[in-house]
Amino acid sequence: EPEVTQTPSHQVTQMGQEVILRCVPISNHLYFYWYRQILGQKVEFLVSFYNNEISEKSEIFDDQFSVERPDGSNFTLKIRSTKLEDSAMYFCASRDTGDYGYTFGSGTRLTVV
Amino acid sequence: AQTVTQSQPEMSVQEAETVTLSCTYDTSENNYYLFWYKQPPSRQMILVIRQEAYKQQNATENRFSVNFQKAAKSFSLKISDSQLGDTAMYFCAFMKHEGYGGATNKLIFGTGTLLAVQP
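Quick mapping for you: the protein sequence lines, in order, are chains A and B.
If you read the first sequence in the numbering used here, its first letter stands for residue 6, the second for the next number, and so on.
If you read the second sequence in the numbering used here, its first letter stands for residue 55, the second for the next number, and so on.
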């Protein structure tokens, strides 16, 4: 069964540092997403990406965040200057045209200290 | 804006018994999808079952079934013959139908129900 792969599984970073979270979506999928889950809270939409551009972003996705699909296979989320409140589980997801069921990756736990 | 409410933060069920998890949602849309996702201790989000709002028939997937009441905006999940591996957080989620070419189709999640299956 095809999978969405996320790396690393856990990252610890100093406040103010830049982090890049990496995702490899399923190869024939065209729609890509990042979601965030702060510990003990609900899963929140961050951004959707299609046709090499952001199609929608939430209020959480401010200027500190960016996404990129640099090489046709990877899909990255960059946080330029991390804050303590960025500590969360970050999920990447992808889906195919005509299929509304996402496939989620196993997540990256980001800890900002 | 759409909202999803799960009023049961935690539930417990004995192995082999049946349990129902509740979900209500609020929307002015007529065309949408509803989902139940399972998040076990490994934290991965796993799709359990989905329901298209235009379909009157309730979706079923093996031991999992839903009771979709569109007028009441209710979408409950029934797990039959509960197994220890069903222990997980269960999230109800809503997606507005934007068409097959819709570029977003984002999910809106409820706060989750933590289900514990007891041996």
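Just so you know, the hints here were simulated from the structure itself, not pulled from any lab data.
Keep in mind that a hint or two might mislead.
Claimed, not checked - Between beta-carbon pairs, the in silico distance windows are:
1. B:Pro94 - A:Val29: 19 to 27 Å
2. B:Pro173 - A:Leu35: 27 to 35 Å
3. B:Ile100 - A:Leu35: 17 to 25 Å
4. B:Glu83 - A:Asp104: 28 to 36 Å
Said to hold, decoys possible - In silico DSBU-like pairs for lysine-lysine, Cα to Cα no more than 30 Å straight-line:
5. B:Lys132 - A:Lys47
6. B:Lys150 - B:Lys132
7. A:Lys88 - A:Lys62
8. B:Lys132 - B:Lys109
9. A:Lys62 - B:Lys124
10. A:Lys47 - B:Lys150
11. B:Lys109 - A:Lys47
12. B:Lys150 - B:Lys124
In this text, a Cβ means the ideal position worked out from N, Cα and C, and glycines have one as well.
Outcome of the hint check:
Between Pro94 (chain B) and Val29 (chain A) the Cβ separation comes to about 22 Å, which falls inside the hinted range of 19 to 27 Å. In this structure the supplied range 27 to 35 Å is violated for Pro173 (chain B) paired with Leu35 (chain A), their Cβ-Cβ distance being about 44 Å. Separation of Ile100 (chain B) from Leu35 (chain A) is about 22 Å and conforms to the stated range, judged on CB atoms against 17 to 25 Å. Separation of Glu83 (chain B) from Asp104 (chain A) is about 19 Å and departs from the stated range, judged on CB atoms against 28 to 36 Å.
For the hint pairing Lys132 (chain B) with Lys47 (chain A), the CA-to-CA distance comes to about 21 Å; that is within 30 Å, so the pair holds. Distance check on the hinted pair: Lys150 (chain B) and Lys132 (chain B) sit about 23 Å apart at the alpha-carbon level, within 30 Å; holds. For the hint pairing Lys88 (chain A) with Lys62 (chain A), the CA-to-CA distance comes to about 19 Å; that is within 30 Å, so the pair holds. Distance check on the hinted pair: Lys132 (chain B) and Lys109 (chain B) sit about 18 Å apart at the alpha-carbon level, within 30 Å; holds.
A distance of roughly 28 Å separates the Cα atoms of Lys62 (chain A) and Lys124 (chain B); the hinted pair therefore holds under the 30 Å criterion. Straight-line distance between C-alpha atoms of Lys47 (chain A) and Lys150 (chain B) comes to about 18 Å, which keeps the hinted pair within the 30 Å bound. Distance hint between Lys109 (chain B) and Lys47 (chain A) is fulfilled; the C-alpha atoms sit about 27 Å from each other, no more than 30 Å. Distance hint between Lys150 (chain B) and Lys124 (chain B) is fulfilled; the C-alpha atoms sit about 14 Å from each other, no more than 30 Å.
Violated hints for the displayed structure, listed by number in ascending order: 2 and 4.
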